[in-house]
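Chain A is fixed; fit chain B with the ligands onto it per the hints.
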Amino acid sequence: MKEKRIGVFVCHCGLNIAGTVDVEQVVEQIKDYPGVAHAEHYIYMCSDPGQELVRKAIKEKGLDGIIMSNCSPSLHQATFRKLAASEGVNPYFCEIANIREQCSWPHAGDKETATRKAVAIIKAIIEKLRRNISLTPLVVPLTKRVLVIGAGVAGMQAALDIADSGYEVVLVEQSPSIGGHTAQLSETFLTGDVIPGLVSPMMSKIASHPNISLYAYSELEDVSGYVGNFQVSIRRKATSVDESKCNYCGLCLESCPVKTASEFDRELAQRGAIYIPFLEALPQRPVIDRETCRHFGGDKCQACQEACPQNAIDFKQEDTIVEEEVGAIIVATGYELFPCTGIAEYASDPDVIDGLQFERLLSPSGPTSGEVRKPSDGKIPEQVVFLQCVGSRDPEHGVSYCSRVCCMYVAKHALLYKQAVPEGQAYVFYMDIRSDAKGYEEYVKKMVDEERVLYLRGRVSRIFRDGDKLKVWGSDTLTGKSIEIAADLVVLATAMVPNPGAKELARKLNIIVDQYGFITEAHIKLRPVETLTAGIYLAGTAQWPRDLPDTIASASGAASKILSLFSRRELLHEPTVAVVDPEVCRGCGQCVAICAFKAIELDPVKKVAWVNEAICDGCGACAVTCPSGAMQHRNWTARQFFEVIDIATAEYV
Amino acid sequence: MDLSYYPGCTLKTAAKGLEDSAIASMNALGIRLVEIERWNCCGTVYSLAEDDLAHHLAPVRNLIRVKEQGSDRVVTLCSFCYHTLKRANLLVRNDGEKRKTLNDFMEEEVDYNGEVEVLHLLEVLRDEVGWEAITEKVKVPLQGLKVAPYYGCTLLRPQDVAIDEVERPTILHQMMKSLGAEAVDFPYATECCGSFQIVGNPDFINQRAWEILSSAIRCGAEAIVLTCPLCHFNLSQRQPELVKRYSDFQGMPVFYFTQLLAIALGIDPEVCHFELSYGDPFSLLKSRKVVS
Ligand SMILES: Cc1cc2nc3c(=O)[nH]c(=O)nc-3n(C[C@H](O)[C@H](O)[C@H](O)COP(=O)(O)OP(=O)(O)OC[C@H]3O[C@@H](n4cnc5c(N)ncnc54)[C@H](O)[C@@H]3O)c2cc1C
Ligand code: SF4
Ligand code: SF4
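Residue numbers (the working numbering), protein chains in the order written: chain A, 2 to 654; chain B, 98 to 389.
It is possible that some hints are incorrect.
Taking lysine-lysine and the DSSO-like style, the derived pairs with C-alpha atoms no more than 30 Å apart in a straight line are [as the list claims (entries may be wrong)]: (1) B:K243 <-> A:K472; (2) A:K470 <-> B:K341; (3) B:K341 <-> A:K482; (4) A:K375 <-> A:K260; (5) B:K274 <-> A:K470; (6) A:K562 <-> A:K504.
Calculated from the structure, these hints are not laboratory results.
Next comes chain A alone, as it looks inside the complex (with noise of 0.2 Å):
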């Protein structure tokens, strides 16, 4: 071991470190220990002039290693390592001995057991820098496309900023049509028309992008791989049809016998077996939904087959998987509805309905060609009953947070109420009114004042057929009455709750979810587009409830953090990571088993482990774990870490 010629600066914090700790005391104890070459305290070392002075001494003295003594590593270990590079000392030359969060902050009022402390803490870090190696960050190849996942308004909007910025893009959505929930929209509150507005400009962009790849009907089968390297593999699921072929003449759509539940039009209309979701879905192809489909319950129905005139029905078709390399990842799996059923008191009843199906029931395009009409009976309602924070807000019969949106998209419910059935009598109970953006206020109140919808500030206890009618029990807690309706119609806005299959996702890409199934951002104002997988982020309503400003806003963000990742050449990778030693290691696996970031395997052919460098985090779980002493951490081997607890316990042995 060379021994290394180290200076130790000391920094007072202003009276944050000198307040407590005697400075001075510290530098004359350290000054002659074993490989200290300089000493000296100066008011605040991250300072201009503090920097000065480390550079002076490192000139002066031919420093080659420093301990930077002040606060701690995550607040300026990078500003002292940059100083120290660019003095031609290796940067993992320079170390911080933290005397203030761990030394003078708790001990504050005890001067004397804080000093000793202090020179204790340094002491221990030279131990460990006198064994450090030099080190240069690693180099990892970076592949300039991005996986997508979920083609709401997010993904498409993440998809097409990163094309649109020359990346290519891989878009997979699981469902047969881009658009996500706002494509089942009658309009958006202040703005407007959705379809023809909004939907579906983005998803004909989508489309025809030279940049994207579009796999609709698909889902991510598998993952592997770390930032810039991800190895995916899609599955797209057998549709039946034979896309060469099909010319999209529509001709089997009405051929088929069966009748089942159409999803986009949340069960308040029907389609085939063999069906396109909606007249603006993209792609424009019909699938077979096996399921539902009755050749593939075992009849002998192909009455799909003889009606198609280009013969692209293939009942044999199978599900093909396609292997795609990324640089990043972004997961946009967007929200569900709590179910109307989720609450007992209220009825289920086919006239208490949720608001995405009132979407439906507004929507020009949807089963009553946007007329207002009760479910049961087809008639038009004239007391329609709106109620908000079902499931939201109520930890007791669903979920603690609030929803963020129904606020809003309730009014903007009585709204299109009152303009298509202006005779009509609409009520809103709510718990609060959250119109917290830019013209949210004045639109609500527009609501009350000008529209004469009735708000009522209450909960409802119970919701029950009567004949033709529902009755509606609530409380109006302003008045302190309660209130009894006979509604024609009952629009619950439930709880957005995120999209059941986000946890298994999450699974395959070893990101986190919450304790509701949202994905968990890396820090939740801080980062609040990452993950904590390095190269995966977030978008739109798989992390949050959120409405479409928000949800754009999201998804640009994700994709600005991408296209500054790919704006390098390549990526860097701290150097400080775990590395085996193959003549010790005897192949247990253990490491391979504790390791959270599946950075390591173990050889097939050797019977030893290897470290993927690249995904390592450095977190040194491997190297307690290994029984062989093989698994080491750079620059914080098990002799470093004796070395630092010898000093650290030394007062106490």
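Same frame as chain A, now just chain B with the ligands:
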């Protein structure tokens, strides 16, 4: 099998039919209801005041009687008794401080730590006897009888004393089906009958009873079946008033669940004390040829 049984005050007077029909029916089903000795009033209502511990002495004393007499379970018939005993029992189990105060105060009694399980007879019928076993023992199926199960509040609320799903209970429905009757669903099945409001606000009860009964009628029921003497009082004994007041209301028989059980098991209708009910529930049964 013997089962400790707590009757409560009303069962010895106005609700004699509930008690006698239950004892006779359970005998027929092979369970002997053994009345605990030296029982006192259940306390009638479970006091919700934080510092009103004196109110819990009555139910806890009853549970001590059960424990003393060597039993770890007690069954009740009246919903209110079930409710007060069950909740007082939970209080003793879950709140160590109050348990100590109660035990210290009743120094003449053995200490009580919540050892006894409080059951309602419906639970015994469902969990110990079983609906299928009951069907097997039925001698006169209540074929064609359309009864609306009425649960009221105290068997189901709050959730931790509920004997069934709070908002959509089915236990009485299942029992009626096991006897061969048709259980009619109606929206007021778990609504409060108005309870003690009868004392100070009889008008309110009239209104309430009429809403409940007429809703059941609209849903196609010809009788109500229930478990609680207070519900029975409000829904049955108030009917003369309702008939006077609401021209479209002509009265509706109200049964205790055990009365229909006894009839279906072929037991002498004497035990039902129909003379204590308003109207003539008996004649409905006669018209269905389930009694002669
Ligand atoms: C009743 C109602 C009315 C609304 N009205 C408005 C309004 O007027 N204005 C407004 O701004 N907002 C409104 N919203 C909110 C709006 O719907 C959402 O903000 C928006 O749809 C979110 O888009 P998204 O892409 O995040 O999710 P989604 O629209 O849910 O899209 C997710 C997509 O991912 C796909 N997917 C899911 N899992 C996978 C998987 N594992 N693999 C592949 N694909 C997958 C889904 O099939 C879907 O296509 C309303 C919401 C509701 C419930
Ligand atoms: S009938 Fe054939 S060609 Fe026409 S849409 Fe159907 S599959 Fe395509
Ligand atoms: S085979 Fe028959 S049931 Fe299946 S999609 Fe074709 S027409 Fe419909």
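Can you name, in rising order, the numbers of the hints this structure does not satisfy?
none
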